[in-house]
Amino acid sequence: MRNPGAGRNAQESGDCRWTMLLATGSTQSGIWIMSQIDLTNNVGMLVNPTNHRTHSRQHWQKDCMEAVSELETHFSTYNASDRQVWEEDLASFVPMKIFDAHIHLWSDILLPPDAPNRGSSPTWDMPTTVEVNQTIFPGREIGYLILGNPFPGCDVDAQSRFFAEQMKLNKNSRVHRLVTPACRVDDIRADIETLGFTGLKPYRIFSTTGDINECRIHEFLTHEQMELANDLGLWVTMHLSRYDGCADEYNLKDLEEYTNNRYPKIKWILAHCARAFTYWPLRQAIDRLRDMPNIWYDSSAVTDFMPHYTLFKKEDHRRIMFGTDNMVANAWHGKYVAMGRFWYQMGTPQPTSDHTDARPVLSVYEQLLCMKHAAEIAELSPSQIEDIFFNNAQAALGLED
0 MRNPGAGRNA QESGDCRWTM LLATGSTQSG IWIMSQIDLT NNVGMLVNPT
50 NHRTHSRQHW QKDCMEAVSE LETHFSTYNA SDRQVWEEDL ASFVPMKIFD
100 AHIHLWSDIL LPPDAPNRGS SPTWDMPTTV EVNQTIFPGR EIGYLILGNP
150 FPGCDVDAQS RFFAEQMKLN KNSRVHRLVT PACRVDDIRA DIETLGFTGL
200 KPYRIFSTTG DINECRIHEF LTHEQMELAN DLGLWVTMHL SRYDGCADEY
250 NLKDLEEYTN NRYPKIKWIL AHCARAFTYW PLRQAIDRLR DMPNIWYDSS
300 AVTDFMPHYT LFKKEDHRRI MFGTDNMVAN AWHGKYVAMG RFWYQMGTPQ
350 PTSDHTDARP VLSVYEQLLC MKHAAEIAEL SPSQIEDIFF NNAQAALGLE
400 D
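Just so we're aligned, residue 0 is where the sequence shown starts under numbering that gives the first Met the number 0, counting upward by one.
Derived by calculation from the structure, the hints in this document are not laboratory data.
Note that this is a predicted model, so its numbers are computed, not measured.
There could be a bad hint or two in this list.
What the hints assert, rightly or not - If you anchor each label on the Cβ, the simulated ranges turn out as follows:
hint : residue 1 : residue 2 : range
1    : 317       : 282       : 16 to 24 Å
2    : 108       : 381       : 22 to 30 Å
3    : 282       : 164       : 36 to 44 Å
4    : 248       : 209       : 19 to 27 Å
5    : 122       : 380       : 35 to 43 Å
6    : 192       : 116       : 20 to 28 Å
7    : 338       : 138       : 47 to 55 Å
8    : 185       : 209       : 21 to 29 Å
9    : 169       : 83        : 25 to 33 Å
10   : 394       : 263       : 29 to 37 Å
11   : 232       : 116       : 21 to 29 Å
12   : 79        : 111       : 39 to 47 Å
13   : 138       : 317       : 35 to 43 Å
14   : 169       : 119       : 24 to 32 Å
Note that beta-carbon positions come from the ideal geometry of N, C-alpha and C, so glycine has one too.
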């Protein structure tokens, strides 16, 4: 199996990472997960440090469409090492009831109409998600927060209809609608009222500045849209932009202004531990973030110990929700490796080590191991762990018991 993100496009496409799992099936060793994973990392950091400060949305769109047509297929097989880590390390840690506050689904309807690979990829829908998670999280009852998928030229209306149908298939599921600066507030309001969506999912690739790496929140989620979200008391799942993520002074000042004054009824979920894939951003920001009202965090795709520990030790644990980023970032063998303040998606294309018969495990298990170790050192109680995995989401999102 080749390294997810190690192909030609991963070296050439700059900030244009788009990761997609697209099918499941059965093998003698469990499930297999077919994934198309490439386009570098999900972090606003580029492989080539000489050009990352000038890589624009226009380049992102061009590279994405070229890369999507050339993606290779990778197979992640649920293996004996996965099962061993689950049974010996994780089964006793992960509660029986889970709410995954960060998942994505896939259908060709999400592609631009003229996408060259339309029709070539199986659908990854709610039944597929449930089937896969029966293996990854055996015996667990799981609800889901479905997030809009950012993709240049995507059909937002078709995406909303698809997600609304999928939401009906799981009683404890919610949807945050994809919004771009071009989305009219009347259309957003109509989807909220008729489709039952509870929040919005903006994304930096749609920044009106064309700079996807250094844009501010209002440059990809407009003030008019935030006014609507405030009027309706909506959630916003936010993947922060800017090089320093949650430690960036503009991001902190904007969130302080929005939560305390301008939009006090918006409820924010800061994805990926407030986009802290390394120790540094959250250590810098936590003392200010924890004083802001209406801030929550999801734990998705963070495979470094320190961000989880910082949240568990310094935040109100009731503001933390478990999330995976499932097919998009967390169902491959490898992890997001922190190197100082830099991080990178790293897989293992062909393990050849002779010193152990163990093999790499799924990235979501790496995340769970970090959460377990952080919970142990922060001395979280079993009830606090249950809160993070389900009860916090139940209270905040009005889930059924």
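Check the following: the C-beta atoms of residue 192 and residue 116 are separated by a distance inside 20 to 28 Å.
34 Å, violated
Starting from the range 22 to 30 Å, see whether the pair residue 108 and residue 381 falls in it by beta-carbon distance.
Because 42 Å falls outside the window, the suggested range is violated.
For the range 21 to 29 Å, tell me whether the beta carbons of residue 232 and residue 116 fit it or not.
39 Å, violated
Could you say whether the range 35 to 43 Å given as a hint is met by the Cβ separation of residue 138 and residue 317?
26 Å, violated
At the C-beta level, are residue 394 and residue 263 separated by a distance inside 29 to 37 Å?
19 Å, violated
Indicate whether the distance between the beta carbons of residue 169 and residue 119 respects the range 24 to 32 Å.
27 Å, holds
Is it true that the C-beta distance of residue 248 to residue 209 lies inside 19 to 27 Å, as the hint says?
22 Å, holds
Between residue 317 and residue 282, does the C-beta distance stay in 16 to 24 Å?
21 Å, holds
Does the Cβ distance between residue 79 and residue 111 fall inside 39 to 47 Å?
Given a distance of about 41 Å, which is inside 39 to 47 Å, the answer is holds.
Does the beta carbon distance between residue 338 and residue 138 stay inside 47 to 55 Å, or does it fall outside?
36 Å, violated
Is 35 to 43 Å respected by the C-beta to C-beta distance linking residue 122 and residue 380?
At roughly 41 Å between Cβ atoms, residue 380 and residue 122 fall inside 35 to 43 Å, so the hint holds.
Holds or violated: the 25 to 33 Å window for the beta-carbon distance between residue 169 and residue 83?
With a Cβ separation near 29 Å, residue 169 and residue 83 satisfy 25 to 33 Å, so the hint holds.
Of the numbered hints given earlier, the model fails hints 2, 6, 7, 10, 11, 13; all others are met.
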